[in-house]
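Asker: Listed below, chain by chain, are the residues.
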Amino acid sequence: MYIEKKKLSIKDVQRISTFTSIILFFLFVVLMFAFWNVQVLKNDYYKSLAIKNIYREIEIKAQRGLIVDRNNDIIAENKLDFSLFLIRKNIKNLEKTIKFINIITNIDKKKILNRIKKYKEYPESYSIPIKRNLSLEKVIYIKSRFDEFPEFKIAIEPTRLYPYKKIGSHILGYLGEVTFKELNQKKSGIYNLGEDIGKIGVEKQYEKSLRGTKGAQIVLKDNLGRIQKVLSEKNPKIGNKIVLTIDWEIQKYIEEIFKDYIGTIGVVDLRTGGILALVSKPNFNPESFSGFLGRDEWNALVNNPNKPLTNRFLQGLYLPGSVFKIVMALTGLQEKIISPSTVANCYGSVKIYDRIFHCWNTSGHGSMNLYNGLKNSCNVFFYTLGKKLDIDIIAKYAKMLGFGSRTNMGLPNEKVGLIPTKSWKLKHLHQKWFPGETISVSIGGGMLNVTPAQVLLMISTVALRGNMPQLHILKRIEYNGKVIRKFKPIFNQVSISKKNFEIVIEGLFRAVNDEGTGKAAKVEGLDICGKTGTQPIISKENPSYERLIKIYRFKAHSWFASFAPRNRPEIAVVVFVEHGGDAGIVAAPLVAKIYKKLFE
Amino acid sequence: MNDYLKYFDKFTFIIIIIISLFGILLICSVSQSLDQPYYLKQLLWLSVSLIVFFIVLRIKTEFVFRSSLFLCIVLSIILVIQLVAGQIIGGTKSWIKFGFIAIQVSEFIKIPIALYVANILSKTKIIGWFIFCKLMFLLGIPFLLIAMQPDLGTAFILTSFVIISIFLKRIKLSIIFISIMFVIIGSFLSWNYVLKPYQKNRIVSFFNPEKYSQSSGYQIIQSKIAIGSGGLSGKGFLKGSQSQYKFLPTRHTDFVVSVLGEEFGFIGISFLFLFFFILFYRQFNFKSQTDREFYFVYLFNFLILFQFSINILMSIGLFPILGVPLPFVSYGGSSLLSFFIGEAIIFKIKINNYLNI
Chain L
291 MYIEKKKLSI KDVQRISTFT SIILFFLFVV LMFAFWNVQV LKNDYYKSLA IKNIYREIEI
351 KAQRGLIVDR NNDIIAENKL DFSLFLIRKN IKNLEKTIKF INIITNIDKK KILNRIKKYK
411 EYPESYSIPI KRNLSLEKVI YIKSRFDEFP EFKIAIEPTR LYPYKKIGSH ILGYLGEVTF
471 KELNQKKSGI YNLGEDIGKI GVEKQYEKSL RGTKGAQIVL KDNLGRIQKV LSEKNPKIGN
531 KIVLTIDWEI QKYIEEIFKD YIGTIGVVDL RTGGILALVS KPNFNPESFS GFLGRDEWNA
591 LVNNPNKPLT NRFLQGLYLP GSVFKIVMAL TGLQEKIISP STVANCYGSV KIYDRIFHCW
651 NTSGHGSMNL YNGLKNSCNV FFYTLGKKLD IDIIAKYAKM LGFGSRTNMG LPNEKVGLIP
711 TKSWKLKHLH QKWFPGETIS VSIGGGMLNV TPAQVLLMIS TVALRGNMPQ LHILKRIEYN
771 GKVIRKFKPI FNQVSISKKN FEIVIEGLFR AVNDEGTGKA AKVEGLDICG KTGTQPIISK
831 ENPSYERLIK IYRFKAHSWF ASFAPRNRPE IAVVVFVEHG GDAGIVAAPL VAKIYKKLFE
Chain Y
1421 MNDYLKYFDK FTFIIIIIIS LFGILLICSV SQSLDQPYYL KQLLWLSVSL IVFFIVLRIK
1481 TEFVFRSSLF LCIVLSIILV IQLVAGQIIG GTKSWIKFGF IAIQVSEFIK IPIALYVANI
1541 LSKTKIIGWF IFCKLMFLLG IPFLLIAMQP DLGTAFILTS FVIISIFLKR IKLSIIFISI
1601 MFVIIGSFLS WNYVLKPYQK NRIVSFFNPE KYSQSSGYQI IQSKIAIGSG GLSGKGFLKG
1661 SQSQYKFLPT RHTDFVVSVL GEEFGFIGIS FLFLFFFILF YRQFNFKSQT DREFYFVYLF
1721 NFLILFQFSI NILMSIGLFP ILGVPLPFVS YGGSSLLSFF IGEAIIFKIK INNYLNI
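Residue numbers (our numbering), protein chains in the order written: chain L, 291 to 890; chain Y, 1421 to 1777.
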């Protein structure tokens, strides 16, 4: 204005007022425009931010479905546990936080930091699970220090409980934290990092059924994230109940008698194909995997040379040994190469293709027909038969009886095994088939590779005179007492005549009941039929045989494949003992015990 | 007495009351989320302010002007005592407690300063070095005392007197140049040696609030979300999620306009602006017959306009957060009372003007 005089004139005042009013007017126009811009033009943007501020969806974990045996005995259930969570957003001093966790859980500081880092792509407010199974004292201690450590949260969550601990661990499997790999396989959205997923066994196979449906709460929160109001709530749905065909009484009994062995036992109900017991030793406690960090026990399990995590019944690959003679006998009969009256002379060994093949009985069995060949497990009889057979024909029957493919009984990670053929060898080893190899195969050696489950399927098929059952472990799935899915027994007839099965069964009957190799399996009144298999690891021709055979890992594997009763068969049992030695001495008595228990 | 009623500017008075009631309504809206029923206290303060208003209206203007220097000195001394012996409330030494009530002396000192500056301006032709130094001395001491409390907002508002003085009076160019140099050097020095980290953060985060959204930019962002999400007509009384769920900081004081923007929308804001515009328009278009009174009206109303603009611009992130309340609207007894006292003097001046005293 530059008023230079002391006294203002009316004109001066007028001038100042007008000028001020113009400035005032423009100021208010600018202010109005600024508010118009924020409130009207950018309304949607700020509205979405305001909504993001206050609403939050909180997931409510669902309880996992129960697993029960055929008699409704609960073998996997849930309990409520205190779990410790960490919310990164509220961390004041990371070092102090990690130190506190370290004191409480004894988890290595570096591991804690790595774990927190793993969640870097999750929102800052995400609850990172740190420790499960917190004791009440620790819960109280942590809660008393919430003011100092607002980043901690304690929640009560359902966790898995296996009331029988180690029993049936390979059937049940275990739960473990979902991995990045699993999250990337379309499972994100269903699972969050830090949550559990079935890793092996039934827990994995029926994960979808067991996991249930998460619930959700939509809440209003204030600036500190405290819940002000619950707007809506969807309750979680417990997972389905899985009813297995397993009979836990028998399972427990077999685990008891088998507890000092390494190996596997499978029992099947021949009327349905349902597995009654599946034991693999050594086994593990599935509960050791719950709880987040502390992996010492896990490392101990993984690094154990006896591989307790391997389900030997489905994942163990072995030579079938003499058990395979059943396949050979059926092949010979069906192909009309031999008849019950065909005779071979056993002098303890035989020379075929300029090579000496030994019988297990070095002094020889003498004149053997098919029945006695099976009864005494005479190698020479089957060498002679093998010489007359083509490997591809043997493979055809072996595959017909279930070898070389998965049994699909309802447990994950099952192995296929191998039934070699000429074309397989050419393709994979780029070599043609040597006839001598067929001779080895004819007593269950050579390149054969089978799982105990496949042997169980084969013996079951024999027991049912060619009526091959679909082995299975799932009886039905229930929700809320209602049956959702039920397994209906399936049988497929294989193209081998009943008459030929009867012939083989006579041989298997003699092996147990007529002073054969499996006589230790005999139970009075049960008409058990069976076949031993002692699969040597080292050859008797090995110069240090006498010394080595005393070492555990050079001892022969012991097989016993059996069923009972002979007519109207009900049960089939396969026992496999790793490095058990003579099957007739090791495996056969176990079989007898199991049948006695089953038919008591 | 009849003359008093006749020449009393009833219209402007009603506008001020309406603006004050805006404040009560907004404070009422957020009081549920606060620990105290602040709107009742504000209502009490409004009543007190009105009583004081009419008392001041009875005091002779001449007396008011003559006692201004004395009051300036007394209040400055109180400010010194506060700095030395005052207790810290809410992080500053701005308050003096008298039993239940706490008074902010810094809010009141602006009235005698405005009166005295008006007195000086009316007696000068051109602002030379001597007058300038006198003004600086008069403003500088309270400014520093208040800034040290520390209450940068209230101190900053005092600079409005310098701006309006330069606007109204001719000033020597050399003073302007040297002052600008001083400001630059002063800013540099205070940035490096005086300002506390949180104060610097406020300024830095003003230029990039998103980067500091969890810390110092938080307030700016939450205030903008509140205002922006209000839209044209607002979310309704008591229905603003930002205001009710405590996302807005100091929502009853410095960010009270954000509550208005959220719950009553652009329409509510427009009404508030309209009333303020009328207030300023009427006060600035007052044709005083005496210079001293004219300068005071301009000095004091410009201070209100200055404070109003800073508060509004701050709430939508166009000005750094200074902690300045919105005149007549924000919660705070001292602020409300001081504005009513200042306005009472202006109303008295208007009456005098008509009565030709």
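Heads up, a few of these hints could be off.
Unchecked claim - What follows is a set of in silico ranges between Cβ atoms, one per label pair, in the way DEER data are often shown: (1) Pro1669/Y / Asn423/L: 39 to 47 Å; (2) Ser415/L / Ser1467/Y: 40 to 48 Å; (3) Ser1594/Y / Ser299/L: 21 to 29 Å; (4) Ser299/L / Asn1621/Y: 31 to 39 Å; (5) Lys1707/Y / Val319/L: 40 to 48 Å; (6) Ser311/L / Ser1467/Y: 32 to 40 Å.
Hint data in this document are derived by calculation from the structure and do not stem from the laboratory. Think of the CB as a built atom: it goes at the ideal place given N, C-alpha and C, for glycine as much as any other residue.
Asker: State for each hint whether it applies.
Answerer: So, going through the hints one by one against the coordinates:
no.	hint	verdict
1	Pro1669/Y / Asn423/L: 39 to 47 Å	holds (41 Å)
2	Ser415/L / Ser1467/Y: 40 to 48 Å	holds (45 Å)
3	Ser1594/Y / Ser299/L: 21 to 29 Å	holds (28 Å)
4	Ser299/L / Asn1621/Y: 31 to 39 Å	violated (50 Å)
5	Lys1707/Y / Val319/L: 40 to 48 Å	violated (25 Å)
6	Ser311/L / Ser1467/Y: 32 to 40 Å	holds (33 Å)
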